[in-house]
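Asker: Given next are the chains, with one letter for each unit.
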Amino acid sequence: MLPNRSRTSVLVFLLPPLLLYCAAVLFPILQSLVLSFFSWNGISDMEFVGLANYVRMLTADDIFWRSFFNALIYLAICLVLQLGGALVVASLLTSLSRGRELIKTLYLLPAVISTVAIAFLFVRIYSIDPVGLLNQLLHWVGLGSLERAWLSDVNTVLAAVSAPEGWRFTGLYMLIIYAALIAVPKELEEAAVLDGASKWTLFTKIRFPYIRPVWITTTIMATTYGLRGFDIPYLMTNGGPGQSSELLTTYMYKTAFTSTDFGYASTISVFIVIECLIAVGLILFMLKRKAD
Amino acid sequence: MLIVIVQVYPLAWLFVTSLRTEQDFATGDPFALPSSLTWENYARAFETGDLGRNILNSFIVTMGANVLIVLFGMMAAYAIQVLGFRFSRFVRGLFLIGIIVPVQIALVPLFIDYSAVNLLDTYQSMIIPLAGFALPMSIYLFSSFFEYIPRETYEAASLDGAGPYRIFGLITLPLSLNTVVTVVLVNSIFIWNDFIFANTFVLSEDLKTIPLGLQNYIGAMGKVDWTATFAAVCVTITPLLLVFLVLNKAMIQGLESGANKG
Chain V
90 MLPNRSRTSV
100 LVFLLPPLLL
110 YCAAVLFPIL
120 QSLVLSFFSW
130 NGISDMEFVG
140 LANYVRMLTA
150 DDIFWRSFFN
160 ALIYLAICLV
170 LQLGGALVVA
180 SLLTSLSRGR
190 ELIKTLYLLP
200 AVISTVAIAF
210 LFVRIYSIDP
220 VGLLNQLLHW
230 VGLGSLERAW
240 LSDVNTVLAA
250 VSAPEGWRFT
260 GLYMLIIYAA
270 LIAVPKELEE
280 AAVLDGASKW
290 TLFTKIRFPY
300 IRPVWITTTI
310 MATTYGLRGF
320 DIPYLMTNGG
330 PGQSSELLTT
340 YMYKTAFTST
350 DFGYASTISV
360 FIVIECLIAV
370 GLILFMLKRK
380 AD
Chain P
779 MLIVIVQVYP
789 LAWLFVTSLR
799 TEQDFATGDP
809 FALPSSLTWE
819 NYARAFETGD
829 LGRNILNSFI
839 VTMGANVLIV
849 LFGMMAAYAI
859 QVLGFRFSRF
869 VRGLFLIGII
879 VPVQIALVPL
889 FIDYSAVNLL
899 DTYQSMIIPL
909 AGFALPMSIY
919 LFSSFFEYIP
929 RETYEAASLD
939 GAGPYRIFGL
949 ITLPLSLNTV
959 VTVVLVNSIF
969 IWNDFIFANT
979 FVLSEDLKTI
989 PLGLQNYIGA
999 MGKVDWTATF
1009 AAVCVTITPL
1019 LLVFLVLNKA
1029 MIQGLESGAN
1039 KG
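Chains as they are written, first to last, in this note's numbering: chain V, 90 to 381; chain P, 779 to 1040.
Among the hints, a few may not be true.
Partial list, derived from the structure: chain V residues whose beta carbon lies under 7 Å from chain P [claimed, not checked]:
hint	residue
1	Ser98
2	Ile118
3	Leu122
4	Phe126
5	Tyr143
6	Ile192
7	Ser203
8	Ala206
9	Leu240
10	Asn244
11	Thr349
12	Asp350
13	Phe360
14	Ile363
What the hints contain is simulated information worked out from the structure, not anything from laboratory work. Note that beta-carbon positions come from the ideal geometry of N, C-alpha and C, so glycine has one too.
My request is simple: use the sequences and hints to build the entire structure.
Answerer: Listed below in structure tokens is the structure:
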């Protein structure tokens, strides 16, 4: 603590940021919570309905459950691509002697590009008429039978909208994990190699335990970002065809701004927040137990 | 090598396509090199949309939000970490909530609040939530940096009679320039590309930022002038890409250190 600080000075520094934060984040959270107990279309009077919105969401809304499971699959695909991909590339990068900086930069490029541009790009990659990159590639390697309109096929659309999100942020997580990997003390690795450890043991017994704290951070980051994924599915398919690529976030958005059912939309967004909190709690819990 | 190609090829393809003639694009093999190069798509891209306007708007929003994020982030971190007060731990916890909470929860309430105070369809309507949700990370980064400024520096300054405001202006602020660069770079990526807040709160053409402007390229009946669209995409990613390539080192370091402190 600074010796000659005064109460006023603390307030001068703290109040403006706190006010902005309350206006933009804290107050809206409370407001959503309140709204979730009401039925309101933005025009007529608000009507208190108690838990009715929650009951409807959990017991009577098929689209909600569909979106919930879609969101979990979306999350799983993103996690595999982002964390798995990042770990593999970061490990390869440490064994590379030249061009590391270049590869890091190239990998980070997609993260800089707006989601609208990425959505456009991938719509073209998946398209069948005119032939997009993916279908052409399949044709060349002799898997022509797999060619399809990836975004209108109910079986592939969810994976197709998840992949761009995974692709976009692999570089970001790769950087973070790479930074952790090169911080592993060389002596540890050398000692293990002298003891005859294979590359795999080296990785599982030395490197991975060493980067565990960073791994936890990245897992939490990727999970919370995955659960709030919205832009790319919304722009590419708007949840369709049918509800086959609907996520909780896109469903909430449509409920709020297409059906103007503000009360029910708030109920769904409260659910999304709780889901995020539970996910973070679960990750911490599981990783802690594994460590013990 | 192969994984690098998979990662980068779509972007190269995007650029090459923006130089293709329309006909070449519609009929040709997507992997082939274009038969002839043309800048015509760029001319069409500027005709179709108001790209200059969009870029200017994105610039205003990014600058506005960044000023708030840096200034307020630094102030709050200074109050919590350096000045210290009775409930500082509680306030810090309050700010940390913002890192986990998804931004979508604020959409409906802010939409209602904005329409009540006539803020819908303004620059502020985008800047406020963008800054608000980025603030926790900024406070966190500044606090971790302030920890490294030795106590003695402050005590010496205090003995010389400097109050909290002078210490902030003369010691803390100049020392944190590196962290400022990190915070600005990382946030600029997200703010420049923000889609959800702009899409929810902005309606008029005059205020559309780049992501919204790009959407205009989908014409009536879903017919899309793809080569012009790709040209527009190339134009709009250029400013950020240039900054990124120039400041690449600083940005990479920022991202690495930011996460590894956590």
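Asker: Look at each hint and say if it fits the structure.
Answerer: Hint check:
1. Ser98: Holds: closest Cβ of chain P sits about 4 Å from Ser98 (chain V), inside 7 Å.
2. Ile118: Hint on Ile118 (chain V): holds, closest Cβ of chain P at ~6 Å, below 7 Å.
3. Leu122: violated, 9 Å
4. Phe126: This hint is violated: Phe126 (chain V) lies away from chain P, its Cβ roughly 14 Å from the closest one there, beyond 7 Å.
5. Tyr143: violated, 16 Å
6. Ile192: holds, 6 Å
7. Ser203: Hint on Ser203 (chain V): holds, closest Cβ of chain P at ~4 Å, below 7 Å.
8. Ala206: holds, 4 Å
9. Leu240: Since the shortest Cβ distance to chain P is 13 Å, the answer is violated.
10. Asn244: With a closest approach of 23 Å, the Asn244 (chain V) hint is violated.
11. Thr349: This hint is violated: Thr349 (chain V) lies away from chain P, its Cβ roughly 10 Å from the closest one there, beyond 7 Å.
12. Asp350: violated, 10 Å
13. Phe360: violated, 10 Å
14. Ile363: violated, 10 Å
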